[in-house]
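With these hints in hand, go ahead and build the complete structure from the sequences.
In our numbering, the protein residues as written are 3 to 252.
No wet-lab data here; the hints were simulated from the structure.
All values derive from a computational prediction rather than experimental measurement.
Where is the CB? At the ideal position from N, CA and C, for every residue including glycine.
One or more of the hints may lead you astray.
Just the calculated beta-carbon pair ranges, DEER-fashion [claimed, not checked]:
(1) R194 - P35: 50 to 58 Å
(2) T21 - D108: 27 to 35 Å
(3) T212 - T21: 27 to 35 Å
(4) N183 - G155: 28 to 36 Å
(5) S15 - T212: 48 to 56 Å
(6) N183 - D238: 21 to 29 Å
(7) D243 - A39: 43 to 51 Å
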Amino acid sequence: GTAVVNVGKLHISKEGKCTTTLIPSETISYESPSVAAAVAEARKHFEEFTSRVCAQSDCKLSINGDNGKRIVRKQEAGIGDFFCDVFAALADAEISIVNGGNLRADLPQGTVSNGDIINVIPFDNQMCLIELTGEQLLQLLESSVSLLPAENGSFPQVTGLKLDVDIKASPRIKKVKVLVNGVWGALDPARRYRIVVSDYQLTQMPFKPTVLNPALGIGYMVAPDIIKNKFGAHIDAKYKDPQGRITIAE
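Listed below in structure tokens is the structure:
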């Protein structure tokens with residue numbers, strides 16, 4: 003059961019009658035030596051990985067606003083900008099989109115461990131490199147902001163994009179700029195853009211994208227190496243605040 007509070011027991015009688023009961027885990031004293039050894043070995047490797055230092059951060063990166071309330075599911079956040087930049091660097095993509103609902107904890111100021119990265123992005127999501135036309139990208143972004151001003155797990159934190167959103171208008175996305183070869187320009191509906199997303203995001207898309215690489219790596223597994231190798235194991239103070247990628251008019 004949830005948090006292994008109980009263990010389910012299924013009893014099938016000789017007559018084929020099935021009965022089920024819940025047994026509180028705390029009352030079960032039996033321990034398999036082979037299972038215990040496997041768990042201990044797995045825990046050892048996990049603790050070795052999570053304790054490794056991957057960066058020094060100039061600031062705390064938070065999923066909350068200054069008032070302590072969560073913002074990553076309804077507006078741009080510095081922590082979202084940072085992880086989008088990390089995943090864009092993973093595949094040298096023009097654009098990266100991370101669901102706000104995928105960001106679950108703050109990153110501390112100072113020493114940042116692999117375990118801290120897992121706390122922020124704890125899901126076993128495989129990062130993927132895809133291609134979308136500008137028209138498909140606009141459709142995806144429009145869907146992602148459709149529930150504003152309410153929280154929405156699919157709210158997009160982005161890299162390589164600047165969005166103007168008007169939640170009282172229809173459509174809500176009023177302007178999109180894209181960074182291509184270091185130059186900001188208008189979104190081209192016909193152009194194909196290289197974008198990094200998670201495999202979970204792929205399942206939520208209302209169309210079938212072109213998948214260039216379906217397995218760049220599990221997010222929390224590959225992020226530490228990218229931070230070390232392409233960010234110099236350093237998280238800049240600029241990520242404390244949003245970078246001005248998404249402007250929302252209410």
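Hints, one by one, checked against the model:
| no. | hint | verdict |
| --- | --- | --- |
| 1 | R194 - P35: 50 to 58 Å | 56 Å, holds |
| 2 | T21 - D108: 27 to 35 Å | 47 Å, violated |
| 3 | T212 - T21: 27 to 35 Å | 52 Å, violated |
| 4 | N183 - G155: 28 to 36 Å | 32 Å, holds |
| 5 | S15 - T212: 48 to 56 Å | 55 Å, holds |
| 6 | N183 - D238: 21 to 29 Å | 23 Å, holds |
| 7 | D243 - A39: 43 to 51 Å | 48 Å, holds |
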